[in-house]
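**Q** Letter by letter, the chains look like this.
Number of protein chains: 2
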Amino acid sequence: MRTELLTMLRETNEYVSGQKICETLGVSRTAVWKAVNQLRKSGYEIEAVSNKGYRLISIPDILNLHELLSRRKTKWIGVDTLCYETIDSTNAQAKRLAEEGYDNGTLIVADCQNAGKGRRGRSWESPAGTTISMTLLLKPDINPNNASMITLVAALAVSKAITKLTGVPAGIKWPNDIVMNGKKVCGILTEMSAQFDYVNHIVVGIGINVSTESFPEEIRDIATSLRLETGKLISRAELIETVWEYFEEDYETYLQTQDLQNLVKDYNARLVNMHQRVKVLDPKEPFEGNARGITPKGELMVDTWESRKLVSSGEVSVRGIYGYV
Amino acid sequence: MRTELLTMLRETNEYVSGQKICETLGVSRTAVWKAVNQLRKSGYEIEAVSNKGYRLISIPDILNLHELLSRRKTKWIGVDTLCYETIDSTNAQAKRLAEEGYDNGTLIVADCQNAGKGRRGRSWESPAGTTISMTLLLKPDINPNNASMITLVAALAVSKAITKLTGVPAGIKWPNDIVMNGKKVCGILTEMSAQFDYVNHIVVGIGINVSTESFPEEIRDIATSLRLETGKLISRAELIETVWEYFEEDYETYLQTQDLQNLVKDYNARLVNMHQRVKVLDPKEPFEGNARGITPKGELMVDTWESRKLVSSGEVSVRGIYGYV
Numbered sequence: 224m225r226t227e228l229l230t231m232l233r234e235t236n237e238y239v240s241g242q243k244i245c246e247t248l249g250v251s252r253t254a255v256w257k258a259v260n261q262l263r264k265s266g267y268e269i270e271a272v273s274n275k276g277y278r279l280i281s282i283p284d285i286l287n288l289h290e291l292l293s294r295r296k297t298k299w300i301g302v303d304t305l306c307y308e309t310i311d312s313t314n315a316q317a318k319r320l321a322e323e324g325y326d327n328g329t330l331i332v333a334d335c336q337n338a339g340k341g342r343r344g345r346s347w348e349s350p351a352g353t354t355i356s357m358t359l360l361l362k363p364d365i366n367p368n369n370a371s372m373i374t375l376v377a378a379l380a381v382s383k384a385i386t387k388l389t390g391v392p393a394g395i396k397w398p399n400d401i402v403m404n405g406k407k408v409c410g411i412l413t414e415m416s417a418q419f420d421y422v423n424h425i426v427v428g429i430g431i432n433v434s435t436e437s438f439p440e441e442i443r444d445i446a447t448s449l450r451l452e453t454g455k456l457i458s459r460a461e462l463i464e465t466v467w468e469y470f471e472e473d474y475e476t477y478l479q480t481q482d483l484q485n486l487v488k489d490y491n492a493r494l495v496n497m498h499q500r501v502k503v504l505d506p507k508e509p510f511e512g513n514a515r516g517i518t519p520k521g522e523l524m525v526d527t528w529e530s531r532k533l534v535s536s537g538e539v540s541v542r543g544i545y546g547y548v
Numbered sequence: 224m225r226t227e228l229l230t231m232l233r234e235t236n237e238y239v240s241g242q243k244i245c246e247t248l249g250v251s252r253t254a255v256w257k258a259v260n261q262l263r264k265s266g267y268e269i270e271a272v273s274n275k276g277y278r279l280i281s282i283p284d285i286l287n288l289h290e291l292l293s294r295r296k297t298k299w300i301g302v303d304t305l306c307y308e309t310i311d312s313t314n315a316q317a318k319r320l321a322e323e324g325y326d327n328g329t330l331i332v333a334d335c336q337n338a339g340k341g342r343r344g345r346s347w348e349s350p351a352g353t354t355i356s357m358t359l360l361l362k363p364d365i366n367p368n369n370a371s372m373i374t375l376v377a378a379l380a381v382s383k384a385i386t387k388l389t390g391v392p393a394g395i396k397w398p399n400d401i402v403m404n405g406k407k408v409c410g411i412l413t414e415m416s417a418q419f420d421y422v423n424h425i426v427v428g429i430g431i432n433v434s435t436e437s438f439p440e441e442i443r444d445i446a447t448s449l450r451l452e453t454g455k456l457i458s459r460a461e462l463i464e465t466v467w468e469y470f471e472e473d474y475e476t477y478l479q480t481q482d483l484q485n486l487v488k489d490y491n492a493r494l495v496n497m498h499q500r501v502k503v504l505d506p507k508e509p510f511e512g513n514a515r516g517i518t519p520k521g522e523l524m525v526d527t528w529e530s531r532k533l534v535s536s537g538e539v540s541v542r543g544i545y546g547y548v
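Here the protein sequences line up with chains A and B, keeping their order.
Each residue of the first sequence is one higher than the one before, starting from 224 at the first, in the working numbering.
Each residue of the second sequence is one higher than the one before, starting from 224 at the first, in the working numbering.
Bear in mind the hints are in silico, worked out from the structure with no lab data behind them.
Hints are not guaranteed to be accurate.
Mimicking EDC-like on lysine to aspartate or glutamate, the simulated pairs with C-alpha atoms at most 20 angstroms apart in a straight line are [unchecked claim]:
#	chain 1	residue 1	chain 2	residue 2
1	A	Lys507	B	Glu234
2	B	Lys396	B	Glu452
3	A	Lys257	A	Glu246
4	B	Lys362	B	Glu234
5	A	Lys520	A	Asp444
6	A	Lys507	A	Glu471
7	A	Lys520	B	Asp420
8	B	Lys296	B	Glu472
9	B	Lys387	B	Glu468
10	A	Lys243	A	Glu270
11	B	Lys520	A	Asp420
12	B	Lys520	B	Glu452
13	A	Lys383	A	Glu461
14	B	Lys507	A	Glu472
15	B	Lys383	B	Glu468
16	B	Lys502	A	Asp420
17	A	Lys396	B	Asp420
18	A	Lys532	B	Asp364
19	B	Lys520	B	Asp489
20	B	Lys507	A	Glu270
21	B	Lys532	A	Asp420
22	B	Lys387	B	Glu511
23	B	Lys396	A	Glu246
24	B	Lys264	B	Asp284
25	B	Lys507	A	Asp364
26	B	Lys298	B	Glu234
27	A	Lys507	B	Asp420
28	A	Lys502	B	Glu234
29	A	Lys507	B	Glu511
30	B	Lys532	B	Glu511
Each pair of labels, with its calculated beta carbon distance range [said to hold, decoys possible]:
#	chain 1	residue 1	chain 2	residue 2	range
31	B	Gln481	A	Leu504	14 to 22 angstroms
32	B	Asp311	A	Pro509	19 to 27 angstroms
33	A	Asp505	B	Asp505	29 to 37 angstroms
34	B	Thr480	A	Pro509	16 to 24 angstroms
35	A	Leu504	B	Trp299	47 to 55 angstroms
36	B	Lys532	A	Leu504	30 to 38 angstroms
37	A	Asp505	B	Gly344	35 to 43 angstroms
Derived list of chain B stretches under chain A, where covered just means 3 residues or more per stretch with a C-beta under 8 angstroms from a C-beta of chain A [claimed, not checked]:
#	segment
38	315-326
39	412-419
Every residue gets a Cβ at the ideal spot worked out from N, C-alpha and C, and that includes glycine.
Turn these sequences into a full structure, and let the hints steer you where they fit.
**A** Here's what the structure looks like:
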């Protein structure tokens, strides 16, 4: 009921009469009044004027189920949404829920992680109130060998969503970091549980620094937030919704061919490595070359003096040599 | 203490004086007497003769921690062994323990599974007392793309162990079924949790029908047990130990090169598909040909009229056309 009320007030953006709310939602005046007060307690500013009705004045930057569900426009992502104040790690929780039988499209969102994970077991900081920590559970009927491309689809969605809401371009550092001015604003950790010809489940974890005002000394040169880069305070709930709207569309495009052939152009347009000199940290034989975008399989094309090489994200990491990447 | 006593009695295979047991294990006569009685209650026949000592007469076919640990000869597999009377699925339990931080080499054994899993979510029956259900947890530092070969190493180990203990050859049906007279005696389900360039963990689940006397109508033509095929009653605990001894050696060989180059010969010698006509059930384009063994990457080589094709276990399943495979 609070979810539906929130949707009505946000979408109207004008006074909505108590009468109309009662009729639309099929509840009593008292029930409406109670719901309004509960929302106010959560931080929503709601004006109430006699003979006019209720009007939403401001929305707090909080993450709760009502705020998330009242914004949802996706078809199947987040139909089942679970929202936590604090959790160990949204990826860990998603994996547990997957084993319990939760379905494709389940979305886990947390205001704060106390054991957030980065790649290769590194930790990822996600303090309360300023960051987004979320994980989408997927159970696609695909070949496990094609799964790694999903992490590039996620990067594309985050890049699009940030650019849309802030008006400032957010680039992709291959394969799946989102950077602004050469600093990381978002990390993506995609994990898979698979048999060798069958995907049990995939979890796509996304961490975004939204309104962080400062970072610890040791990561200040490599980490940043949307607020620091754009000067804007973005609603986390709105960004979450926007990310999954873009993702849902591009993921369905990916599923049709099980590759990125129809997304390559979009991805390469946002690739900060494009035409940049990169060092490929192949453990056996590191080499340098010019990055030329991704293939439909998500590999990075790197031209060396002799030949074009295809770099898989499973094999190496890539570092820019000149410039800010 | 029961574990050590069991080891002494089994290895001596003669009377062991109470005095010697007390000295070796550093315990009192009463403690020895108590341990003997506990073992007898579990089903062990232990003779006690004055002035001679204790002698182990018969060992029940039970799976408990003492029986398993007193037989262990592996270096690192099963140092941490967990033994259950009943569990949902040893793979599911292994995955849970992996998330809790259990280490490489942890072995999970169950007398009975009530939600055993086969490939692609099928069920796998493992009634109490007659079957082996076990899962090994591995955390190797390998490229996830090389992980599927581990399931072939497991098949090789099971084939070797069965052949050793029964004296009857147990063949491998590519990639990882163990068959006798064309019927399946063992299934292997290997599952992986991975990031795209990093293995979180791998669980190798092995189910063996040991002393099953009959199978339900619907699987009688495709399933069998060691007892039905060889007429012998094999100790499950001994078979478990033998499987992991072979596995440990071959797995270390695999790890050195992250492929099967040094195991191909061994594997192909046991491959029932070898030089047989097979149908490759590629969903896009099924084809027939003659199987010619595996490559160092674990792919099945299939010669068609036109060319040699390499079949990955991730892509297709293979069925024999003639004969019993």
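**Q** Run the structure past the numbered hints and jot down the numbers of the failing ones, going up.
**A** 1, 4, 5, 6, 12, 14, 18, 20, 22, 23, 28, 29, 32 and 35
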